[in-house]
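K.L.:
If you read the sequences in order, they're chains A and B.
Counted from 1, the first sequence has number 289 at position 289 by our numbering; the numbering is strictly sequential.
Counted from 1, the second sequence has number 327 at position 327 by our numbering; the numbering is strictly sequential.
Just so you know, these hints were derived from the structure itself, not from any lab.
Heads up, a few of these hints could be off.
Identical chains blur together in the list; that is why a pair holds if it fits in one copy or across any two.
To be verified - With a straight-line cut-off of 20 Å between C-alpha atoms, the simulated SDA-like cross-links for lysine to any residue are:
#1 Lys77 x Ala310
#2 Lys153 x Asp201
#3 Lys77 x Asp150
#4 Lys270 x Gly64
#5 Lys153 x Pro119
#6 Lys153 x Ala262
#7 Lys77 x Arg151
Since this is a predicted model, take the numbers as computed values, not measurements.
2 protein chains.
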Amino acid sequence: MAGETVKNFALQCPVELPSDQRIVMAHGAGGRLTQRLIERVFLPAFANAPLEERHDGALIQPNGARLAFTTDSYVVKPLIFPGGNIGDLAVNGTVNDLAMCGARPLYLSCGFILEEGLPMATLETVVASMRAAALTAGVQIVTGDTKVVDRGKGDGIYINTSGVGVVEGPFTSPARVEPGDAILLSGDIASHGVAILSVRDGLEFEAPIVSDTRELWSLVDALFRAGIDVHCLRDCTRGGVSSALNEVAQARSLMHQIEESAIPVHDAVKGACELLGLDPLYVANEGRFVAWIPAAQAAEALRVLPEGAASIGVVLDKTDPLVVMRSRIGGSRVVDMLSGEQLPRIC
Amino acid sequence: MAGETVKNFALQCPVELPSDQRIVMAHGAGGRLTQRLIERVFLPAFANAPLEERHDGALIQPNGARLAFTTDSYVVKPLIFPGGNIGDLAVNGTVNDLAMCGARPLYLSCGFILEEGLPMATLETVVASMRAAALTAGVQIVTGDTKVVDRGKGDGIYINTSGVGVVEGPFTSPARVEPGDAILLSGDIASHGVAILSVRDGLEFEAPIVSDTRELWSLVDALFRAGIDVHCLRDCTRGGVSSALNEVAQARSLMHQIEESAIPVHDAVKGACELLGLDPLYVANEGRFVAWIPAAQAAEALRVLPEGAASIGVVLDKTDPLVVMRSRIGGSRVVDMLSGEQLPRIC
Numbered sequence: 001m002a003g004e005t006v007k008n009f010a011l012q013c014p015v016e017l018p019s020d021q022r023i024v025m026a027h028g029a030g031g032r033l034t035q036r037l038i039e040r041v042f043l044p045a046f047a048n049a050p051l052e053e054r055h056d057g058a059l060i061q062p063n064g065a066r067l068a069f070t071t072d073s074y075v076v077k078p079l080i081f082p083g084g085n086i087g088d089l090a091v092n093g094t095v096n097d098l099a100m101c102g103a104r105p106l107y108l109s110c111g112f113i114l115e116e117g118l119p120m121a122t123l124e125t126v127v128a129s130m131r132a133a134a135l136t137a138g139v140q141i142v143t144g145d146t147k148v149v150d151r152g153k154g155d156g157i158y159i160n161t162s163g164v165g166v167v168e169g170p171f172t173s174p175a176r177v178e179p180g181d182a183i184l185l186s187g188d189i190a191s192h193g194v195a196i197l198s199v200r201d202g203l204e205f206e207a208p209i210v211s212d213t214r215e216l217w218s219l220v221d222a223l224f225r226a227g228i229d230v231h232c233l234r235d236c237t238r239g240g241v242s243s244a245l246n247e248v249a250q251a252r253s254l255m256h257q258i259e260e261s262a263i264p265v266h267d268a269v270k271g272a273c274e275l276l277g278l279d280p281l282y283v284a285n286e287g288r289f290v291a292w293i294p295a296a297q298a299a300e301a302l303r304v305l306p307e308g309a310a311s312i313g314v315v316l317d318k319t320d321p322l323v324v325m326r327s328r329i330g331g332s333r334v335v336d337m338l339s340g341e342q343l344p345r346i347c
Numbered sequence: 001m002a003g004e005t006v007k008n009f010a011l012q013c014p015v016e017l018p019s020d021q022r023i024v025m026a027h028g029a030g031g032r033l034t035q036r037l038i039e040r041v042f043l044p045a046f047a048n049a050p051l052e053e054r055h056d057g058a059l060i061q062p063n064g065a066r067l068a069f070t071t072d073s074y075v076v077k078p079l080i081f082p083g084g085n086i087g088d089l090a091v092n093g094t095v096n097d098l099a100m101c102g103a104r105p106l107y108l109s110c111g112f113i114l115e116e117g118l119p120m121a122t123l124e125t126v127v128a129s130m131r132a133a134a135l136t137a138g139v140q141i142v143t144g145d146t147k148v149v150d151r152g153k154g155d156g157i158y159i160n161t162s163g164v165g166v167v168e169g170p171f172t173s174p175a176r177v178e179p180g181d182a183i184l185l186s187g188d189i190a191s192h193g194v195a196i197l198s199v200r201d202g203l204e205f206e207a208p209i210v211s212d213t214r215e216l217w218s219l220v221d222a223l224f225r226a227g228i229d230v231h232c233l234r235d236c237t238r239g240g241v242s243s244a245l246n247e248v249a250q251a252r253s254l255m256h257q258i259e260e261s262a263i264p265v266h267d268a269v270k271g272a273c274e275l276l277g278l279d280p281l282y283v284a285n286e287g288r289f290v291a292w293i294p295a296a297q298a299a300e301a302l303r304v305l306p307e308g309a310a311s312i313g314v315v316l317d318k319t320d321p322l323v324v325m326r327s328r329i330g331g332s333r334v335v336d337m338l339s340g341e342q343l344p345r346i347c
């Protein structure tokens, strides 16, 4: 039965937390150790209001303009995978972080760290994908930088994209989440992580599984145009849906309740996850978001979102910062934040 | 005699240009191969007006705000060097790129790519320096990202900082350079590159040479406040003063004439360059800029700039895109753009 296959990977495989004396892969996995690094090292040093919001981007207001500003580095391995490559991933990822702030993405920067010996043809393939993704998302790559590191000090291509967008409605943010909000998912989950893993480990599935990488601004824009009062948006990248939910539950100290049966996972992806011992809730997505909206608008929001979107739960009026999932067979369990690392260098 | 020691490293060591089939270290050196990569790969793909300006940052105008937006990745080796570390370098470098656009730096993003196994104490040292540099420059680090790559796929810490600033006066840009403009240097050159090289090669000089890394906005702001009509600014990082001058000479197709005797180089740095066979004109700086201003305002500008600043030449009314240097002994030679690489991973 499908329900039994959704295992809590984090609970099954408890990771011995390191002594915090050295950087480990999990510091970059988007789960608990990433949060700890942010809390212990970055927040105290760089203390300021936008950073403490701990959102996918910062609200900045230079000369009265209401802008979102965000950054992400991409170190995905392999560079090219089913459904995309590091180039469109880098454009879509930063476009999406702006969209999660309720901002229309406009301008991107692009910083390359190239490894000596990289075939020029690989760079050209990646750049062509960035161009195409930028055109699709309606953004311009207006400034850039290129560094080259010695052979063996990089891994082909690392890309940083930073982005600036215009906040068109209210700044969507965890701070605006309220008890009673419906929790929506914009589509089926876990394809990106499984697609990466399949090529990395040389696995072949019956049906090819491709990454879900795509821009998400058009969906957010559609919600706004339909008059949906979107409270908060978060894309489910590293750490998957579980981390997105936990981050917001913790930020607002409000219990989130989700329904296992409502979470859309393609059969092929579900099968692959079973085979690999992965819980889809912890697998990275690159084209999916969670939206928190007033329950009364949930049906209208689902009419606007693409087929496959679903209402998966509700924010309870309880101040426990937990995510609780009701299973298909009636039980209930805590869905923890990703602990340790599930799959390194997924984005 | 000092004049004879200023060798044209690029001409002395012609580099066999590669077939452009693979990335080589020189693609990241800020000289001719970097230019070629930009022209052949990035500009055609990302074609847009701000990018084609080929400045240190882009002028963007979301919702009517006049902003500068810029990005730089930092891969300096070693991470900690005399006078600074990769952290203050990453803050100052992006602050300075904004300043070169005539923009008051306000907001920075920070993307870390950390190598598995990095001592946490090293990260903390670097972050503390970023904090201090941000405070000095008056900027906030408002958004960030952390990725971790496997041991042997990075080199401790790579940092990308992107920045947003408000353009307060006219956008300073190569397009505004005019025949007759005075060419000013904001201080003595080549300390950064020599400081890096000294620790990398374990050299010890009689007088310790420290990096010139510093923020430059306060100097630009002082020029603006003094009413100087600054036409163009460019910081002399990778590729040194020669590349900064050549880039502008080429962008405007105007011959630049500089005086060797006017170029300030500290004796200790000059001695080290002689020893190492380096031409100070090609050595990287991280706290120096070239300014193009109306000749009539040169004296006033020098009163405003720190001691050590100098007027080093003039833009001629000749459409040859060359930089020509008059030597101390009366001769004249073309100062070419850096060809090949002089010193990799200098910033």
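K.L.:
How would you classify Lys153 and Asp201 at a CA-CA limit of 20 Å: within, between, both, or neither?
P.N.:
Result: close only across copies, 19 Å inter versus 23 Å intra.
K.L.:
Please sort Lys77 with Asp150 into within, between, both or neither, judging by C-alpha distance up to 20 Å.
P.N.:
Classified as both: same-chain Cα gap 18 Å, cross-chain 11 Å, threshold 20 Å.
K.L.:
Within, between, both or neither: how does the pair Lys77, Arg151 come out at a Cα-Cα threshold of 20 Å?
P.N.:
both (17 Å within a copy, 14 Å between copies)
K.L.:
Which holds for Lys77 with Ala310 at a C-alpha limit of 20 Å: within a copy, between copies, both or neither?
P.N.:
So Lys77 and Ala310 fail the 20 Å test inside a copy (30 Å) and across (49 Å) alike.
K.L.:
How would you label the pair Lys153, Pro119 (within, between, both, or neither) given a Cα cut-off of 20 Å?
P.N.:
both (16 Å within a copy, 17 Å between copies)
K.L.:
Using 20 Å as the alpha carbon limit, work out where Lys153 and Ala262 are close: within a copy, between copies, both or neither.
P.N.:
Neither way: Lys153 and Ala262 sit 44 Å apart in one copy and 40 Å across, limit 20 Å.
K.L.:
Have a look at Lys270 and Gly64 and pick one of within, between, both or neither, based on CA distance no larger than 20 Å.
P.N.:
Classified as neither: same-chain Cα gap 47 Å, cross-chain 48 Å, threshold 20 Å.
Checked against the numbered hints above, the structure breaks hints 1, 4 and 6 and satisfies the rest.
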